[in-house]
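Whole structure, please, built from the sequences with the hints as guidance.
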Amino acid sequence: MSGTWTDNMYMIFAAVLIRPSPTLQPLFLQVEEDFSQMGFFERMNAEGPMKFSCRQIAQRALTNKRMCITLQEPSTVKGHVYSQPDGLSVVAITTKSYPDRVATVVLSRIMQAFRQVYQGPSFPTITRDLTFKYPAVTAVFQQYIDPKKGDKLTKIQTDLDETQDILVKAMDDLLERGEKLDNLIEQSNDLSTTSKAFMRQAESMNSCC
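207 is the number that UniProt numbering gives to position 207 of the sequence shown; each next residue is one higher, with no gaps.
Since the hints were made in silico from the structure, they are not lab data.
One or more hints might be untrue.
Straight-line alpha carbon distances no greater than 27 Å define the calculated DSS-like cross-link-like pairs of lysine-lysine that follow [stated by the list, open to error]:
#1 LYS133 / LYS148
#2 LYS65 / LYS96
#3 LYS149 / LYS96
#4 LYS149 / LYS65
#5 LYS148 / LYS96
#6 LYS148 / LYS65
Cβ pair distances, simulated, as ranges [said to hold, decoys possible]:
#7 GLN25 / GLN112: 21 to 29 Å
#8 THR4 / PRO85: 21 to 29 Å
#9 SER36 / LYS133: 15 to 23 Å
#10 THR127 / LYS148: 38 to 46 Å
#11 ARG115 / ASP34: 18 to 26 Å
Since the structure is predicted, the reported quantities are computational estimates derived from the model, not experimental observations.
Note that beta-carbon positions come from the ideal geometry of N, C-alpha and C, so glycine has one too.
This is how it looks when you write it as C-alpha cells:
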C-alpha cells in the first residue's frame, strides 16, 4: 500500500454495542481494531476517538437501517452502523475510500457471528462495558480490513437487497436539538485529555472555514 493510511481503503475499528434501554448510552460488548497502518503517535491516541465515535453513532442509529455516517471535516474517516430492535448495534469506522457496500456486508456478518456465539448476560441487565473476544467476530473483522480481499468473497454471496439500502447521514444531522458535539466531547469518558484537546481543535478549525 502506498501513501498514508488515510489514502488506503482500510477498516480501522469495529464494535458490537448494546443499548440496554433508551435512557442509557450504548455499552461495548466486543471491540476489534487495527491501527497497524498508523504512525506511532497516531496509534497512541486512536482508541479513544474511535470509541467515542462508535458510542455516539450507536446511540443515534435508526433501527433496522444500515447507515453510513459522514463525520465532520477535517475527519479522515467515516462510520457505518446497523442497529436491531433489541438494542444491539454494530459500528465500523473506515477510511473515506472504503466501499459502503462492503462495509454493509461487514456489519451484517459481525452481527450474525456475534448473535450465534453470545453467551453473556441478558442484554437489559448489562450496566457497563464488557470485553468479549469471540473468535468468530474477530475473524470477520480481519477478513474485511482490506475490502479488496473480502469483496471477492461477497460478490456472489451478497444479496442485493442487503447492500442497496444504505442511508447516508452527516453526524451533525443525528444530534438532537440543542446538542453540540464539543459538549459531548467534554462529557465523554472514552477520551483522554489529549484526545479531547485534539478534537476541540479540529472542531474549532472546522467552524472557522
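Okay, the hints, checked on the actual structure:
Distance hint between LYS133 and LYS148 is fulfilled; the C-alpha atoms sit about 25 Å from each other, no more than 27 Å. For the hint pairing LYS65 with LYS96, the CA-to-CA distance comes to about 20 Å; that is within 27 Å, so the pair holds. Between LYS149 and LYS96, the direct Cα distance comes to roughly 17 Å. Compliance with the 27 Å bound is thereby established for this hinted pair. For the proposed pair LYS149 and LYS65, the alpha carbon gap of about 25 Å is at most 27 Å, so the pair holds.
Taking the CA atoms of LYS148 and LYS96, the gap is about 15 Å. The hint holds against a cut of 27 Å. Between LYS148 and LYS65 the CA atoms are separated by roughly 24 Å; this keeps the pair inside 27 Å, and the hint holds. Separation of GLN25 from GLN112 is about 25 Å and conforms to the stated range, judged on CB atoms against 21 to 29 Å. Range check, THR4 to PRO85: about 40 Å between beta-carbon atoms, so the 21 to 29 Å window is missed.
Here the CB-CB span from SER36 to LYS133 is close to 18 Å, well matched to the stated 15 to 23 Å. One distance hint, 38 to 46 Å for the beta-carbon pair THR127 and LYS148, holds here, with the actual separation near 40 Å. Checked against the hint of 18 to 26 Å, the pair ARG115 and ASP34 passes, with Cβ atoms roughly 23 Å apart.
Figure legend: structure checked against the earlier numbered hints; the only hint not met is number 8.
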